[in-house]
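Enquirer: Listed here are the chains, written in short residue letters.
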Amino acid sequence: MKYTKEHEWLRVDGDVVVVGITAHAAEQLGDVVFVELPEPETQVVEGDEVCVIESVKAASDILAPLDGEIVAVNEKLVKAPGLVNEDPLGAWFFKMKVEDLSVLDDLMDEDEYADFIG
Amino acid sequence: MTGEARVSDLQRLGLHDLHVELGGRMVPFAGYEMPVQYPAGVMKEHLHTRAAAGLFDVSHMGQVILRPRAGMADLAAGFEALMPVDVAGLPPGRQRYGLFTNDRGGILDDLMFANRGDHLLVVVNAACKAADIAHMTAHLADVAEVLPVTDRALLALQGPAAETALMRIVPEVAAMRFMDVAVLDSAFGALWISRSGYTGEDGFEVSAPDAGADAFARALLAMDEVAPIGLGARDSLRLEAGLPLYGHDIDDQTTPVAAGLGWAIQKVRRTGGARAGGFPGAARILDELSTGPLALRVGIRPEGRAPMREGTVLWDAPEGGRNFGAITSGGFGPSVDAPIAMGYVPAGTTGTVWGEVRGRRLPAQVVPLPFHPTTYKR
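Going down the list, the sequences are from chains A and B.
The first sequence runs contiguously to residue 118 in my numbering.
The second sequence runs contiguously to residue 1378 in my numbering.
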């Protein structure tokens, strides 16, 4: 598992990267009540706003963690946004294909992320 | 985040340590460090209040005693010169909603005031507290001493089990009706109690002396029905109840009539009434009461699941058309289980409007308030 400074987790599954938000992020957001997902087959650039996530408190974006193509989205979250709070590691948002998986090496590992959130 | 205050600049509530002990997430609000939520989270806290009883610390609000220099009649007349509200007709033991207006008919603050026999007790919004005290001091000096209460906490106990819970401490509250006030002795000192609140639920607001407030709050929290509730759920509860929040849904640019608060202006202060007018902005407010305001605060119910937040622009058509209104409060209503909002549209607007969310116009319905029925014990 790898982590971004935007509080996303990334898990490699075969040749795709699965992306969700961390338990820390879910806790900070509060109860999630709305999720808007990108269209599959969308080309994205790192930093693009790809998902909207609204909690009882506020709206936030999920940014594309890497350059690549969105290949799948988790429609379950649209029906049941609360899954993001109940099981942040299970509640993936999208899967993306990237040209070179080695870009993940630059991201934080679990210990580094734990230090990052203090 | 803009305008974020440094924690060191903030005032602390008398019950600060209790909030921290309960796991409250403390945030800056109106110059105070306030619990926005506890570990249960906004959704559960909101639903708990509707199902049982929620305890809110609203000690940041201003409690002010107006002690008449001569008689209550002079004080009532002086207070009526600041508000389009019937003060003189409020019997002892009763509380009423009031509004300070300015010369243009805008709202300076909304408030509660109670007739406590030989004086009035006024409760005002935290963010307006200093301005309100200055306003009252400037205009009521001849008729009353304006005495801010600085040695009391203010707690709200709200929800269907509030009466059962509070009766264990002060059984007399069972006899109180909505908007009754009483001073009741307790093990925690004299409690100043009103049967009111800002959640749409039956419940009480209790002013407790600082010396007993912590123990009073702990005694309530020890009861099965009672859970601590933060500002987050306070906001979603009042939004579902259709209650406006000063600085968001009402301000010095909105009139009471446009805000849908015409009910707060009793007949006696309206055109033809025995004490008609004589308050700041009377010409405009009385005119709007008879001819109707240009814009009106309404309920807005998004058709989809996306919340429409404060500031969302409202259009009268899915494309083209006019930008003819805006959302002033919006979010998710846990009891309604849907996004809800309130805002201003031209008076007479019905049916579908379109809120611009992230560049797209999403349909919403103009609906009557409240979103969730109120359960006051009248």
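These are computed hints drawn from the structure, not numbers from a lab.
These numbers come from a predicted model, not from an experiment.
Incorrect hints may have been included.
[To be verified] Think about it this way: if two alpha-carbon atoms lie no more than 27 Å apart in a straight line, the pair counts; the simulated DSSO-like pairs of lysine-lysine are:
(1) K1129(B) - K57(A)
(2) K57(A) - K1044(B)
(3) K95(A) - K79(A)
(4) K79(A) - K97(A)
(5) K79(A) - K1044(B)
(6) K76(A) - K57(A)
(7) K76(A) - K1044(B)
(8) K5(A) - K57(A)
(9) K1267(B) - K1377(B)
Enquirer: Work down the list of hints and note, for each, if the structure agrees.
Expert: Hints and how they fare:
1. K1129(B) - K57(A): holds (25 Å)
2. K57(A) - K1044(B): holds (13 Å)
3. K95(A) - K79(A): Holds - the C-alpha atoms of K79(A) and K95(A) are around 18 Å apart, at most 27 Å.
4. K79(A) - K97(A): Holds, at about 25 Å.
5. K79(A) - K1044(B): holds (19 Å)
6. K76(A) - K57(A): Distance of about 22 Å is within 27 Å: holds.
7. K76(A) - K1044(B): holds (22 Å)
8. K5(A) - K57(A): At roughly 21 Å apart (the allowed maximum being 27 Å), K57(A) and K5(A) satisfy the hint.
9. K1267(B) - K1377(B): Distance of about 24 Å is within 27 Å: holds.
In this structure, none of the earlier numbered hints is contradicted; all agree with it.
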